[in-house]
Amino acid sequence: MRLSNGIYCVVILALISASTRLWAHHSFAAEYDGTKPIKLSGTVTKFDMVNPHSWIYVDVKDDTGKVVNWKFETASPSNLYRRGFKKDTIKSGMQVTIEGYLAKDGSPTANGQRLHMPDGTVIILGTEVNPG
Amino acid sequence: MHRVVLFLMLPAVLFAQAPYKAPRTSDGKPDLQGIWIARNAASFDVTEIAQDRTIPYLPEALEREAKADRVDPIAHCAMPGVPRIVYMPFPFEIMQRPGLVVFLYEYLHNHRVIQTTPRDHVEGIDLFLGDSVARYEGDTLVVDVTNLGSRTWLDSARHMHSDQLHVVERYTRTGPDKIQYEATLEDPQTYAKPWKIAMTLHRITDPGFELREQECFEGDDGRSIHPFYRPASKS
Amino acid sequence: MSAIILFLLFMLQAAAPRITAPGGGNLADNGPKIDLEKAKAFKPQRTEFGHPNLEGIWQPRTSGAAYSVLPHPGGFFLGQGSEAGIVEGGVLPYQPSAAEQVKYRREHVELDPTGHCHYEGIPHALYFTFQIIQTSSKIAFVHENMHAWRIVYLAGEHPKDYSAWMGDSRGHWEGNTLVVDVANNNDKSVFDMAGHFHSDQLRVVERYTLQDANTLIWEATLTDPKVFTRPVKMRFPLVRAPKDFMIMESGCFEDEQDQAHLKGAALPDNHYNEEHEKEKK
Chain A
842 MRLSNGIYCV VILALISAST RLWAHHSFAA EYDGTKPIKL SGTVTKFDMV NPHSWIYVDV
902 KDDTGKVVNW KFETASPSNL YRRGFKKDTI KSGMQVTIEG YLAKDGSPTA NGQRLHMPDG
962 TVIILGTEVN PG
Chain B
286 MHRVVLFLML PAVLFAQAPY KAPRTSDGKP DLQGIWIARN AASFDVTEIA QDRTIPYLPE
346 ALEREAKADR VDPIAHCAMP GVPRIVYMPF PFEIMQRPGL VVFLYEYLHN HRVIQTTPRD
406 HVEGIDLFLG DSVARYEGDT LVVDVTNLGS RTWLDSARHM HSDQLHVVER YTRTGPDKIQ
466 YEATLEDPQT YAKPWKIAMT LHRITDPGFE LREQECFEGD DGRSIHPFYR PASKS
Chain C
14 MSAIILFLLF MLQAAAPRIT APGGGNLADN GPKIDLEKAK AFKPQRTEFG HPNLEGIWQP
74 RTSGAAYSVL PHPGGFFLGQ GSEAGIVEGG VLPYQPSAAE QVKYRREHVE LDPTGHCHYE
134 GIPHALYFTF QIIQTSSKIA FVHENMHAWR IVYLAGEHPK DYSAWMGDSR GHWEGNTLVV
194 DVANNNDKSV FDMAGHFHSD QLRVVERYTL QDANTLIWEA TLTDPKVFTR PVKMRFPLVR
254 APKDFMIMES GCFEDEQDQA HLKGAALPDN HYNEEHEKEK K
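If you read the protein sequences in the order shown, they are chains A, B and C.
Quick note: the first sequence uses the numbering used here, first residue 842, plus one each step.
Quick note: the second sequence uses the numbering used here, first residue 286, plus one each step.
Quick note: the third sequence uses the numbering used here, first residue 14, plus one each step.
It should be emphasised that the hints constitute simulated quantities derived from the structure, not laboratory data.
Treat the hints loosely; a few may be bogus.
What the hints assert, rightly or not - Restricting the straight-line Cα-Cα distance to at most 25 Å, the calculated cross-link-like pairs of lysine-lysine (DSS-like) are:
hint	chain 1	residue 1	chain 2	residue 2
1	A	Lys887	B	Lys314
2	C	Lys256	B	Lys314
3	B	Lys463	C	Lys151
4	A	Lys927	C	Lys256
5	C	Lys256	A	Lys945
What the hints assert, rightly or not - Label pairs and their in silico Cβ distance ranges:
hint	chain 1	residue 1	chain 2	residue 2	range
6	C	Ser150	B	Thr485	34 to 42 Å
7	A	Lys887	C	Ala168	32 to 40 Å
8	B	Ile489	C	Asp174	16 to 24 Å
Heads up, the beta-carbon is just placed ideally off N, CA and C, and yes, glycines get one too.
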């Protein structure tokens, strides 16, 4: 009984995730590379809740110890807000891990997908624009 | 003899002082609908329409302004904020429906769709045009605006504000083609006390006048581009 | 056991690429089924001035028309796939020289106007949530995207010497259907991200009909003698937004940074079908 309840739960989740699949804003498919996922950890230096897309800036130390400031693109302020995000949800100095996809042009830029907060919660940063 | 004259004058006096009674919408609210425009220089300097022609700044706020960026945010196509959007020299249209008042601004194609039933303000997000909740008080539409952030200027003279700015607007018909617009601005980080602006909004009565599209976008050189306000007729 | 099988079947069909014939049936396959007969029979509530009441916030179900109005697979940043697209027949009848331009535009995504923060035009602006507000003489469409709006005038003529991203809209009622004639379109707005463009001769005649209290059907006939060989029909359903949904402020005016990263960027040309009708001899 427990097993089939568990499967039922997963089916529901799968159904939900299928209907709210991430949606592209203009040219993301051209700008970011879906075959190059990355996961970086570092210290937040800035969070701009701006239009058309919000940006999270993170100081990331590479293997040599050099610090590079990465920027991660996220959903628009109104879409973040609808997910419970506020302008002070992410603060300078926070230690975070962000998963995303690398920009094609080689700059330290990525499209942010999932943000791991210091307390362990995971926030979806996905860049929907009023899905239709 | 005096008393008789005064008595005869009374109706005239009373009639002259009777406030204009605006026609009503289908749900009994004062009808503010139509296309309106401000005709003053407030978009250059808001003190033009300020009570006592002055803004009661806190000294530290004046210092902050003196050190601030010198480029008007609207030069980069940013939305002008409230109340500046009301006195930008462009027409706007008011539509009213039960439970809603809608402002369609020609400037930058901005809009405000405002509910006239109570709700809490949103929290934790800065909005260039703020978060507006409205109500009717007799013949006046009152709009309460918060969440204005700190990135807009009140005019091109660099009168700024903090994200604590709270604006209460009042729209009252004072004649067939006039709305008296007043707004109280308070911002405990910028002003020593609340202050008021007041101006007339004029109905545009040109037959067939309609709002046109107005956009602004930043060209590659960073210069903002506003297409012609009213395309010149070729004839 | 049956639950496990159901789950596996679901995941399989979600993962499988969809190859089907174009056009047909519903169009825009992720929404309520369009039933034009049902719409014809439906008696909508009326406003106090006697017009069918279409007011409210509407959420389109276009199956990713913003990526392409034609049938296309979903994928990385391409949103939802669509077996049917929103174009009747599943092809856009471009003239040969225009078809060349479509290809060029798809290889130069940096030219896409929404990336430069321009208004989306009609029908593009309708692929995202919008609000309808009606008075007896004007109907306002208010969009969150690009903080755009347009007014559909129920009287008056299209202006001369005027060209706009959102065009000029004049409407009238035919029974329970709002018919809107959109003219004065500039040649710069586009139908989608996949290079499908139009000229300044574009004319869109839209039809809005309620199928039931919470389902709105959008249909349109598009003509453009400069780029198409014949008129094009489009169609998709919209559903009423949840009660507490609010159109919020949005736009493209603060910190647009994507353009700088589009270096010779091209979108994959992976439509299912032959996109352009061969010219009939």
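Tested hints:
1. Pair hint Lys887 (chain A) plus Lys314 (chain B) does not hold up; C-alpha atoms about 46 Å apart against a cutoff of 25 Å.
2. Under the criterion of a C-alpha separation no larger than 25 Å, the hint pairing Lys256 (chain C) with Lys314 (chain B) is consistent with the structure, at around 24 Å.
3. In summary, the hint linking Lys463 (chain B) to Lys151 (chain C) is supported, as the alpha carbons are separated by about 21 Å, within the 25 Å threshold.
4. Among the hinted pairs, Lys927 (chain A) with Lys256 (chain C) is consistent with the structure: their alpha-carbon atoms are about 22 Å apart, no more than 25 Å.
5. With a C-alpha separation of about 40 Å, the suggested pair Lys256 (chain C) and Lys945 (chain A) falls outside the 25 Å cut-off, and the hint is violated.
6. A beta carbon spacing of about 25 Å between Ser150 (chain C) and Thr485 (chain B) contradicts the range 34 to 42 Å that was offered as a hint.
7. Restraint check, Lys887 (chain A) to Ala168 (chain C): a C-beta distance of roughly 51 Å breaks the suggested window 32 to 40 Å.
8. Distance hint check: the CB atoms of Ile489 (chain B) and Asp174 (chain C) are about 20 Å apart, consistent with the given range 16 to 24 Å.
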